[in-house]
Amino acid sequence: MTPDGSSDTVAHPRIAPHTQPRIVPHGHAAQESELIVPAPPRRHPRRSRRPLANEQQGRQPSSPIKEATWKWYVPIYFWLGGIASGSWIATTAEDLTGENDRDVVRAGRYLALGTVLGGTALLVLDLGRRDRFLNMLRIVRPRSAMSLGSWGLTEFGMITGLAATLQLLEDGALGAHPALQRLSEGWPGRVLHLTGLPSALFVGGYTGVLLASTSTPAWAARARVLGPLFLASGMASGLAALGAIVDATSGSRPDVHRRLARAEVVALVAELALALVSHARIQRLPSVEREPAWQRALRRVAIGAGIGVPLVARTAAALTRHEPQRHRVRQRTARRIRMLLGTDDHSLFDRPARSDLAYTALTLAGSLALRYLVTHEGRRSARTPDDTWRFTAARGRARTVTLDRGEQLATERRLRPARLRGRLIRGQVEGVITIVQEDRIRVVTAPGRGYLFTVAKRRASPAELERWRDTRTPIAVRYAGVPDSGAIAEDVRPI
Amino acid sequence: MIAFTGRTEDKSSRHMEAIGHPTQPWIGAPQGAPVTEDTTVPVTQEAQRTAGTRIEPGRAYGFFTDTTLCIGCKACEVACKQWNNLPAEDFELSGDSYDNTRELSATTWRHVEFIEQFDAERFDGLEPPALKPEALRPDARGLRANLPTDFEPWANLTASEQWSRPGQRWIFMSDVCKHCVDAPCLEACPTGSIIRTEFDSVYVQQDVCNGCGYCVSACPFGVIDVASDWDGKAHKCTLCYDRLKDGLEPACAKACPTDSIQFGPVDELLHRAQERVRELRERGIPAYLYGTDGVMENECDTSRLEGLNCFFLLIDRPEVYNLPAVPKRPSTNTGVGLATSALAALGLTAAALVAFAGGGDGR
Numbered sequence: 001m002t003p004d005g006s007s008d009t010v011a012h013p014r015i016a017p018h019t020q021p022r023i024v025p026h027g028h029a030a031q032e033s034e035l036i037v038p039a040p041p042r043r044h045p046r047r048s049r050r051p052l053a054n055e056q057q058g059r060q061p062s063s064p065i066k067e068a069t070w071k072w073y074v075p076i077y078f079w080l081g082g083i084a085s086g087s088w089i090a091t092t093a094e095d096l097t098g099e100n101d102r103d104v105v106r107a108g109r110y111l112a113l114g115t116v117l118g119g120t121a122l123l124v125l126d127l128g129r130r131d132r133f134l135n136m137l138r139i140v141r142p143r144s145a146m147s148l149g150s151w152g153l154t155e156f157g158m159i160t161g162l163a164a165t166l167q168l169l170e171d172g173a174l175g176a177h178p179a180l181q182r183l184s185e186g187w188p189g190r191v192l193h194l195t196g197l198p199s200a201l202f203v204g205g206y207t208g209v210l211l212a213s214t215s216t217p218a219w220a221a222r223a224r225v226l227g228p229l230f231l232a233s234g235m236a237s238g239l240a241a242l243g244a245i246v247d248a249t250s251g252s253r254p255d256v257h258r259r260l261a262r263a264e265v266v267a268l269v270a271e272l273a274l275a276l277v278s279h280a281r282i283q284r285l286p287s288v289e290r291e292p293a294w295q296r297a298l299r300r301v302a303i304g305a306g307i308g309v310p311l312v313a314r315t316a317a318a319l320t321r322h323e324p325q326r327h328r329v330r331q332r333t334a335r336r337i338r339m340l341l342g343t344d345d346h347s348l349f350d351r352p353a354r355s356d357l358a359y360t361a362l363t364l365a366g367s368l369a370l371r372y373l374v375t376h377e378g379r380r381s382a383r384t385p386d387d388t389w390r391f392t393a394a395r396g397r398a399r400t401v402t403l404d405r406g407e408q409l410a411t412e413r414r415l416r417p418a419r420l421r422g423r424l425i426r427g428q429v430e431g432v433i434t435i436v437q438e439d440r441i442r443v444v445t446a447p448g449r450g451y452l453f454t455v456a457k458r459r460a461s462p463a464e465l466e467r468w469r470d471t472r473t474p475i476a477v478r479y480a481g482v483p484d485s486g487a488i489a490e491d492v493r494p495i
Numbered sequence: 496m497i498a499f500t501g502r503t504e505d506k507s508s509r510h511m512e513a514i515g516h517p518t519q520p521w522i523g524a525p526q527g528a529p530v531t532e533d534t535t536v537p538v539t540q541e542a543q544r545t546a547g548t549r550i551e552p553g554r555a556y557g558f559f560t561d562t563t564l565c566i567g568c569k570a571c572e573v574a575c576k577q578w579n580n581l582p583a584e585d586f587e588l589s590g591d592s593y594d595n596t597r598e599l600s601a602t603t604w605r606h607v608e609f610i611e612q613f614d615a616e617r618f619d620g621l622e623p624p625a626l627k628p629e630a631l632r633p634d635a636r637g638l639r640a641n642l643p644t645d646f647e648p649w650a651n652l653t654a655s656e657q658w659s660r661p662g663q664r665w666i667f668m669s670d671v672c673k674h675c676v677d678a679p680c681l682e683a684c685p686t687g688s689i690i691r692t693e694f695d696s697v698y699v700q701q702d703v704c705n706g707c708g709y710c711v712s713a714c715p716f717g718v719i720d721v722a723s724d725w726d727g728k729a730h731k732c733t734l735c736y737d738r739l740k741d742g743l744e745p746a747c748a749k750a751c752p753t754d755s756i757q758f759g760p761v762d763e764l765l766h767r768a769q770e771r772v773r774e775l776r777e778r779g780i781p782a783y784l785y786g787t788d789g790v791m792e793n794e795c796d797t798s799r800l801e802g803l804n805c806f807f808l809l810i811d812r813p814e815v816y817n818l819p820a821v822p823k824r825p826s827t828n829t830g831v832g833l834a835t836s837a838l839a840a841l842g843l844t845a846a847a848l849v850a851f852a853g854g855g856d857g858r
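Same order as they appear, the protein sequences are chains A and B. Going by the numbering used here, the residue at position 60 of the first sequence is 60; the numbering climbs one at a time, nothing skipped. With the second sequence counted from 1, adding 495 to any position gets you the numbering used here.
Hints were generated in silico from the structure; no laboratory data involved. The beta carbon of each residue, even a glycine, is placed where N, CA and C say it ideally should be. Mixed in with the good hints, there may be bad ones.
[To be verified] In silico contact screen, one side only, chain B against chain A (beta carbon under 7 Å); selected entries:
1. G567
2. Y709
3. Y816
4. N817
[What the hints assert, rightly or not] Quick list of the computed label-pair ranges, beta carbon to beta carbon:
5. B/L588 - A/K71: 26 to 36 Å
6. A/D103 - B/A845: 41 to 51 Å
7. B/R554 - A/A273: 28 to 38 Å
8. A/R467 - B/R767: 35 to 45 Å
9. B/E770 - A/I435: 47 to 57 Å
10. A/P474 - B/Y736: 24 to 34 Å
11. A/P474 - B/V815: 31 to 41 Å
12. B/Y736 - A/A173: 52 to 62 Å
13. B/I690 - A/A173: 20 to 30 Å
14. A/A316 - B/W725: 17 to 27 Å
[Said to hold, decoys possible] Calculated Cβ distances over 10 Å to all of chain B for the following chain A residues:
15. S63
16. E67
17. L162
18. L201
19. L210
20. V225
21. R338
22. Q437
23. D439
24. R472
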């Protein structure tokens, strides 16, 4: 488009330029066509879909469900919420059963507050109407994971705020008072940690439940796994981040590291197992079967490098009883460098092993990648109609009431033909018996459709059934279940 | 007939109140004949003329969409856009279908689905089998006696037989919010913006919605959407809530020239729909209802949503109409997910407590 409004494509004079018709190319013929008008940016860029390999031709099926409207803020929030949850769990454990090391508690409290605040900000940014974020607290709706999550996050946010305030007092924001320190270190701090623990665990896990409580097949199909998976992953990343912060602020602390490493091993094992189960639950979905190579690669890298590698490293760290060899080598190198520099400043090299930071980074990146992956799997799944068809298919039941000619249901007088409660169909057919074999009969209706039934006990004797068969007596059968595959004739009587 | 309600005309007292004068509650009837409000002879509503039904709060209303009557004229789409002042979509051609609207959205609350069944596999087993040249060669009597006998040529079928056999055809369905009896969007809404109205429809209160988008993911039919480039709020069919309150049937139903969209109380519609199904089946058309709780056909089961107030008469598998056979209720996953998460939380917390208890050996 040139500044004077003329266009290099043929524009309709009466139609505003941005509403010019354009043809979205689909299929081979369209791709070779010269009629393609350069397309302006799509209305919903996130919904523009590339055709899957097997649907290049013909009409693009539009998806029966809508993709989540969430932007990139949301997976990042899931990740930050997980870190907050994990750091709170670690802080509470350090306070209750650990050494109540103030460096760990300080880092845990500040980390939890920072990540909760950051996550909440991202959630507000994601709203269509950010000015109305407080409407989330208008009602409590136990059936809505989003509503529960808003309240859980609010509660956790307030508790982490209190904890951070307590920490500020302990650190001497109002001057150093031993009383304030006792308040923060002693039972009030401990009570606060314990009070916050349920909401921390909730914030870590509910994000998975939030995804699962949707109509998106790739999420809803693993409703039991996503919550625990996000919780375990959040705990692992929270512990890793906490360790890194303690290192950065208080120098290398092998004792703290060993405690954190032991807990992280548990979290990583759980995360690994749940990630594998989670994938197994959806690998039969068409959108996953046809997933692009990068998605498969990302999954492997996230599980292998983001969970597997840190797991091995942390296991080694948790089992090692003395300083690792590389540390001694590093110390020797440090001594030489100190000698070269002519300084005696030991703190200069009193830093954690770099490999430790690398494992932390891997854990955090793996946790983020996992959340991105799960979110993206849901996006693809919502765009893939076959996913919904498989997910919402009448499971375990053949399509018995089909639309062929034999199903001219009027002649069968099936006014309320198949009643379905849970998984049980009930119905009635009228016809004649053509085959009797012990308690099993075949009934053929007037249009010629046959049904196989097992006759319920004491409803009709084999002799009666055979007599009706021989005399071709019209009978009515009331049945439960799927005809032809195990339907029970609850009532058989001549009309 | 004038009913004595026991209350006298109090407009004047209200007026007095409005202009700031203290009012005197009248005790008993004043002198002369009591002026009563006539409550027994209601004003005729427009819906009584156009839809044959009176719209009263407290009754469930919905649509019965008969796809066999739809001619794809899109009058409902236009009427909906006009009445609800909805902005136009981008002018965009789908390029592979005559259906250029493609899907319901925040700004399209009625969508006439074009189901274009013209693909070759639909003839699988229905068209004459491929004839070998010798089959067409006349025999000695000049008759094509070699023709296979195990098929009926398409042309020999009656119209109803052709209907009952899915051949090439063009089906239309005017899609709309189903106003589920247990609506997943309503259950998901964390702000309480989505409510159930006195007409049993599901309505998004625009002054409350904050556009979190959870309803979009919850809807099993892909109906509701957030207008991210418009006002950032969730929108969907309101069942013309404003019109119902004034005794008018929804705009789409009123505009429908073939009565494919019928508006009315759900129980009456259901009765009408069953009559229609019976009638069609007598003509050999495999019609069935989708979205009625308790009347399950073609393996469709909407009982998890307790049925749909806006239901459909279909003649092909539900998936053909982009409708799930067994729509799930997403909120059932919440309890399950929270339960397993709680178990995991217990385990992980216990593990963390134990892991920290071992001290730091080697401090």
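**Request:** Return holds or violated for the Cβ distance of B/R554 and A/A273 against the range 28 to 38 Å.
**Result:** 53 Å, violated
**Prompt:** Using the C-beta atoms of A/A316 and B/W725, is the stated range 17 to 27 Å upheld?
**Reply:** 56 Å, violated
**Message:** Verify this label for me: A/R338 is non-interface relative to chain B, using a Cβ-Cβ cutoff of 10 Å.
**Reply:** 24 Å, holds
**Asked** Holds or violated: is the Cβ of A/E67 farther than 10 Å from all Cβ atoms of chain B?
**Response** 8 Å, violated
**Message:** Beyond 10 Å on every Cβ pair: is that true for A/R472 relative to chain B?
**Reply:** 25 Å, holds
**Item:** 47 to 57 Å as the expected CB spacing between A/I435 and B/E770, which holds or is violated
**Value:** 36 Å, violated
**Prompt:** Are B/I690 and A/A173 spaced within 20 to 30 Å by their CB atoms?
**Reply:** 47 Å, violated
**Prompt:** When you look at the beta carbon of A/L210, is every beta carbon of chain B farther off than 10 Å?
**Reply:** 8 Å, violated
**Asked** That 52 to 62 Å hint for B/Y736 and A/A173 (C-beta), does it hold up?
**Response** 54 Å, holds
**Item:** A/L201 and chain B, when compared Cβ to Cβ, separated by more than 10 Å
**Value:** Not fine: 4 Å to the nearest Cβ puts A/L201 too close to chain B.
**Message:** Assuming the hint says 26 to 36 Å, is it satisfied by the Cβ distance from B/L588 to A/K71 or not?
**Reply:** 28 Å, holds
**Request:** Have a go at the B/Y709 hint: is there a Cβ in chain A nearer than 7 Å to its own Cβ?
**Result:** Nearest chain A Cβ about 4 Å off; hint holds.
The structure fails hints 1, 3, 6, 7, 9, 10, 13, 14, 15, 16, 18, 19, 20 (numbered hints given earlier, in ascending order).
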